[in-house]
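Visitor: In case you want the letters, here they are:
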Amino acid sequence: DTGVSQDPRHKITKRGQNVTFRCDPISEHNRLYWYRQTLGQGPEFLTYFQNEAQLEKSRLLSDRFSAERPKGSFSTLEIQRTEQGDSAMYLCASTIDRGYGYTFGSGTRLTVV
Amino acid sequence: AQKITQTQPGMFVQEKEAVTLDCTYDTSDPSYGLFWYKQPSSGEMIFLIYQGSYDQQNATEGRYSLNFQKARKSANLVISASQLGDSAMYFCAMREHNNNAGNMLTFGGGTRLMVKP
Numbered sequence: 001d002t003g004v005s006q007d008p009r010h011k012i013t014k015r016g017q018n019v020t021f022r023c024d025p026i027s028e029h030n031r032l033y034w035y036r037q038t039l040g041q042g043p044e045f046l047t048y049f050q051n052e053a054q055l056e057k058s059r060l061l062s063d064r065f066s067a068e069r070p071k072g073s074f075s076t077l078e079i080q081r082t083e084q085g086d087s088a089m090y091l092c093a094s095t096i097d098r099g100y101g102y103t104f105g106s107g108t109r110l111t112v113v
Numbered sequence: 114a115q116k117i118t119q120t121q122p123g124m125f126v127q128e129k130e131a132v133t134l135d136c137t138y139d140t141s142d143p144s145y146g147l148f149w150y151k152q153p154s155s156g157e158m159i160f161l162i163y164q165g166s167y168d169q170q171n172a173t174e175g176r177y178s179l180n181f182q183k184a185r186k187s188a189n190l191v192i193s194a195s196q197l198g199d200s201a202m203y204f205c206a207m208r209e210h211n212n213n214a215g216n217m218l219t220f221g222g223g224t225r226l227m228v229k230p
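Protein sequence lines, in the order shown, are assigned to chains A and B.
The numbering used here puts the first residue of the first sequence at 1, with every later residue one more than the last.
The numbering used here puts the first residue of the second sequence at 114, with every later residue one more than the last.
Don't read these hints as lab results, they were simulated from the structure.
Mixed in with the good hints there might be a few duds.
Derived lysine-lysine pairs resembling DSSO-like cross-links, with alpha carbons at most 30 Å apart [to be verified]:
# : chain 1 : residue 1 : chain 2 : residue 2
1 : B       : Lys116    : B       : Lys186
2 : B       : Lys129    : A       : Lys57
3 : A       : Lys14     : A       : Lys57
4 : A       : Lys57     : B       : Lys186
5 : A       : Lys71     : A       : Lys57
6 : B       : Lys129    : B       : Lys183
Could you put together the complete structure from these sequences and hints?
Guide: See below:
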């Protein structure tokens, strides 16, 4: 068990390009969460999966965002047609049902230029 | 209304002294949990301490303790004997147990703690 891994750690992209981030949760954790954190703010919930099912999405998740968790293992978060306002840290966390031990990854820092 | 409020954007503390980071919360759910996380400059969120709404005693974890005042809806973090490595952002978060099937966390805006040598 090496914790929650996120890849890449940093991504710089030009406005209008598509980007995809990956999160590998702790293997026995069936719940997976994506959060977005802008500079100087606390993380904000984006979406969550229970196993492979995406059960809730925040209003922050516009149509340009899509997330998947095939087979209930790793998850990907894709942003299409990136905008400067998408620049943020994207954090992934995982936990088990009824658990309170959320484990966070180190995040992917996205900069849109 | 903000569910989690951290009123101290930044705090200084002298090494080896104790410091209290404030957190107030707002919920009508009788069952909830309160968390504190530390975020160093590297970005990862490190879990520090947890307090359940029905817990009778204040939570403690090593140098961290949570001063839980349920009637005042406050959950302040106390760090004893500050160390230089404690310099980081600290976030208070809440998980409401009802009407929150996803068990999402709601975070406050954070407090930047700087420990002076």
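Visitor: Hint by hint, note whether the structure agrees.
Guide: We went through each hint and held it up to the structure:
Distance check on the hinted pair: Lys116 (chain B) and Lys186 (chain B) sit about 11 Å apart at the alpha-carbon level, within 30 Å; holds. Between Lys129 (chain B) and Lys57 (chain A), the direct Cα distance comes to roughly 43 Å. Violation of the 30 Å bound is thereby established for this hinted pair. For the hint pairing Lys14 (chain A) with Lys57 (chain A), the CA-to-CA distance comes to about 26 Å; that is within 30 Å, so the pair holds. Only pairs whose Cα atoms come within 30 Å are accepted, and Lys57 (chain A) paired with Lys186 (chain B) is accepted, the gap being roughly 28 Å.
Note on Lys71 (chain A) and Lys57 (chain A): the hinted pairing holds, with a Cα-Cα distance of about 19 Å set against a maximum of 30 Å. Restraint check for Lys129 (chain B) and Lys183 (chain B): the C-alpha separation of about 29 Å stays at or below 30 Å, so the hint holds.
Taken one by one, the earlier hints fail for this structure only at number 2.
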